[in-house]
Amino acid sequence: MPAAPDPRVAPGQIGFRAYLWQFKSAIVAAGVAEAAGIAGFGLGDGSIALRVLAEPEAPTTRRLIAHEDAALLCMAVAPDGQGFVSGGDDGRLMLTTAAGEGRLLAEVPRKWIEHVAVADNGSAIAYSAGKRVGLLDGRGGVIAVLEDHPSTVAGLAFNPKGKRLAAAHYGGVSLWWVKSEAQTPKRLSWKSSHVAVTWSPDGRFVMTGTQENEMHGWRLADSADMRMSGYPSKPKSFSWSRDGRWLATGGADVVVVWDCKGKGPMGSRPEEVNQGALVTAVAFHPRHSLVASGHADGLIRLGRLADNSGTVLEQVGNGPITALSWTSDGRYLLAGGEDGAAGILDFGTG
Amino acid sequence: MTQSSAAQAPVPAPAQTPVTVLTGYLGAGKTTLLNRILTEPHGKKYAVIINEFGEIGIDNDLVVDADEEVFEMNNGCICCTVRGDLIRIIEGLMKRKDRFDAIIVETTGLADPGPVAQTFFVDDEVARRTKLDSIVTVVDARHLPARLKDSREAEEQIAFADVIILNKTDLVSAEELAEVERRIRAVNAYAPIHRAARCDVPLDKVLDRGAFDLNRIVSLEPDFLKANPAHGEPGHVHDEHCGHEHDHGHGHHHNPPHGEPGHVHDEHCGHDHGDSLHDTTVRSVSLTVDAPVDPRRFDAWIGELLATQGQNILRAKGILDLKGSDKRFVFQAVHMIKDGDFQRPWRTDEKRFSRLVLIGRDLDGKQLQQGFDACRA
Chain S
18 MPAAPDPRVA PGQIGFRAYL WQFKSAIVAA GVAEAAGIAG FGLGDGSIAL RVLAEPEAPT
78 TRRLIAHEDA ALLCMAVAPD GQGFVSGGDD GRLMLTTAAG EGRLLAEVPR KWIEHVAVAD
138 NGSAIAYSAG KRVGLLDGRG GVIAVLEDHP STVAGLAFNP KGKRLAAAHY GGVSLWWVKS
198 EAQTPKRLSW KSSHVAVTWS PDGRFVMTGT QENEMHGWRL ADSADMRMSG YPSKPKSFSW
258 SRDGRWLATG GADVVVVWDC KGKGPMGSRP EEVNQGALVT AVAFHPRHSL VASGHADGLI
318 RLGRLADNSG TVLEQVGNGP ITALSWTSDG RYLLAGGEDG AAGILDFGTG
Chain U
36 MTQSSAAQAP VPAPAQTPVT VLTGYLGAGK TTLLNRILTE PHGKKYAVII NEFGEIGIDN
96 DLVVDADEEV FEMNNGCICC TVRGDLIRII EGLMKRKDRF DAIIVETTGL ADPGPVAQTF
156 FVDDEVARRT KLDSIVTVVD ARHLPARLKD SREAEEQIAF ADVIILNKTD LVSAEELAEV
216 ERRIRAVNAY APIHRAARCD VPLDKVLDRG AFDLNRIVSL EPDFLKANPA HGEPGHVHDE
276 HCGHEHDHGH GHHHNPPHGE PGHVHDEHCG HDHGDSLHDT TVRSVSLTVD APVDPRRFDA
336 WIGELLATQG QNILRAKGIL DLKGSDKRFV FQAVHMIKDG DFQRPWRTDE KRFSRLVLIG
396 RDLDGKQLQQ GFDACRA
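Protein sequence lines correspond, in order, to chains S and U.
Here the first sequence stands for residues 18 to 367, numbered as in the numbering used here.
Here the second sequence stands for residues 36 to 412, numbered as in the numbering used here.
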């Protein structure tokens, strides 16, 4: 049985089953702790709602308090796939296992931990609080604290091997090595407030979204700048195709997909899929050229890059979609919204 | 005031959380006012954003301390600066909206209110989730004259204000108080001034003002008119509403001579308002046209004006009688960011007019009036 949507089938013909829940607090992030088989929705009220993937119809949803009496501001799947790492406005970086154990990984008094990133290979964790970035190894041991940023860090991204970290801020991006020795960051400069960052799977590009509603990129080989404008809103959600060729972005009323082969996307005409309300979240299918998008009106769409065809999959609440992610096998799609609506779409129904 | 023109399917707009900005010099009494707002029994919960911890503690569960980060927008508009810290924090606060009903931003004494105000119009996400209710400036009756001498910010905070709390009035004489009020009026003729000893003003004068709500622009008369002693009485401030001809040719109009007690410095004094006699360079200018205005001419003129002088124009508001419309057109701007819309219809019993008030630095009232005059239909 194919465990994912078949790319040969038109998006409108793809079968799936949707399971929906409504929480009282905004969904901040969603991800699957795959080793534990658990989907987690990080909620604004400081808790993480857990669903067993294999038991979508189970009547109860487990709730674990990750940040007591505080807001959860960011969340990522833990390196070992057994739980979640989250940051809160209590200044705490917590590891919460699917089994229900909580562990304090870092604390920055009186600051918010606003961003967290986990390297794809699970080798490192990074978090930011104000101008500070903390680097931890995959087990939570401290590697380094990096203070040298010109302003508050607004986004974090590891390179594919987890050896380097990009931190976005006003004026550009700082690139750090994941190591404990003292270091000076390499700065990629562009006068703008950079509000989100991503590193291409082939390691060649670092891309940001800016306050001025643009994408900015740097080709690392020669630090060449790339500007991609025309967005009506800030592009803050990015997702790469598995081969690293395509970068899907939110921030317009259509998913804007840049072709990053060769010298990069600047000057090229992007592909467009999933026309609708403002795109607030994007997620490339991990295996096929299919792009899922979440929109400001709560709709989830699926589009096929090959012929720009697309379809509405589901309505997940009525507010902007804030979280969207596929499991690595591409069978399940998790979605969550600002109004607390959450859903799991199962494409493995044959 | 968002300028995004994206044609998108309508998105259900969540209720916008009101934001009150408290500005004022260090020691003026901002925190005292803040604590009053937080502790009075109004049943409302506030999230408070501060940029510095003062000596007085803040009596609230949800206090966010953030470093002030002013960012210049890289969009070709040099005065388009925003507060990056506010954008982030408001976004973060909104993840747990159930914790509060309204937001108060307490700026540092040295903060420029411009970027704070602009943040609420420039950032789409902030504009979607919140609405700027008003800018409240607390000034210290005793120390304001010195502050106006040594700080540009003190002047800007008054210029930007929708409401001014003139605090510590018990520490000055009646003459000093009158002089301080006169100086405030010279900068900002439109914001109501509330005298207070320990920020003891009714909170309904401070909260829920809707100062940036186009629908609530009802009149553009200088505030002192409402409490202005009658013509001929001591303390009366002469202006275009006195009922006597505002004759620019013989312009002393009952004003005691320059240097005499009671003299009001104005455009007729003959001295430059930026000189040492005056420590303020910001003033309020009111422009009036008593005939309908041509919409296209006005658009072109105000667009050009804000593009070229927007840096100096801190705030602007207008009510316009546009030719071809039976509705009042209301207008406002913060620096170069402008916003306008049709409001209620003109009443049959009301005299139509077009008035624009500008608060700004180095404004040439005569030239501005000529420009506005040329917009007549």
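No wet-lab data here; the hints were simulated from the structure.
What you are looking at is a predicted structure, and each value in this text was computed from that prediction instead of being measured.
There's no promise every hint is true.
As the list claims (entries may be wrong) - Cut-off 20 Å, straight-line C-alpha distance, at most; resulting in silico cross-link-like pairs (SDA-like, lysine to any residue):
(1) S:Lys180 / S:Glu164
(2) S:Lys178 / S:Val125
(3) S:Lys148 / U:Glu103
(4) S:Lys41 / U:Asp376
(5) U:Lys352 / U:Val253
(6) S:Lys253 / U:Asn110
(7) S:Lys41 / U:Asn110
(8) S:Lys41 / U:Asp136
(9) S:Lys41 / U:Gly127
(10) S:Lys208 / U:Asp136
(11) U:Lys132 / S:Lys180
(12) S:Lys148 / U:Phe88
(13) U:Lys358 / U:Gly338
(14) S:Lys148 / U:Gly127
(15) S:Lys208 / U:Glu107
(16) U:Lys132 / S:Lys148
(17) S:Lys253 / U:Asn109
For each hint, the structure was consulted:
1. S:Lys180 / S:Glu164: Given that 20 Å is the threshold and the Cα spacing comes to 18 Å, the pair holds.
2. S:Lys178 / S:Val125: Since the Cα atoms of Lys178 of chain S and Val125 of chain S sit roughly 27 Å apart, the hinted pair is violated (cutoff 20 Å).
3. S:Lys148 / U:Glu103: holds (12 Å)
4. S:Lys41 / U:Asp376: violated (36 Å)
5. U:Lys352 / U:Val253: Roughly 11 Å between the alpha carbons, so the hint for Lys352 of chain U and Val253 of chain U holds.
6. S:Lys253 / U:Asn110: holds (18 Å)
7. S:Lys41 / U:Asn110: violated (38 Å)
8. S:Lys41 / U:Asp136: OK: Lys41 of chain S and Asp136 of chain U at ~16 Å, within 20 Å.
9. S:Lys41 / U:Gly127: holds (16 Å)
10. S:Lys208 / U:Asp136: violated (36 Å)
11. U:Lys132 / S:Lys180: With a Cα-Cα distance of about 37 Å, the restraint between Lys132 of chain U and Lys180 of chain S is violated, given a limit of 20 Å.
12. S:Lys148 / U:Phe88: holds (19 Å)
13. U:Lys358 / U:Gly338: holds (18 Å)
14. S:Lys148 / U:Gly127: holds (16 Å)
15. S:Lys208 / U:Glu107: holds (9 Å)
16. U:Lys132 / S:Lys148: Answer violated: Lys132 of chain U to Lys148 of chain S is near 25 Å, above 20 Å.
17. S:Lys253 / U:Asn109: holds (17 Å)
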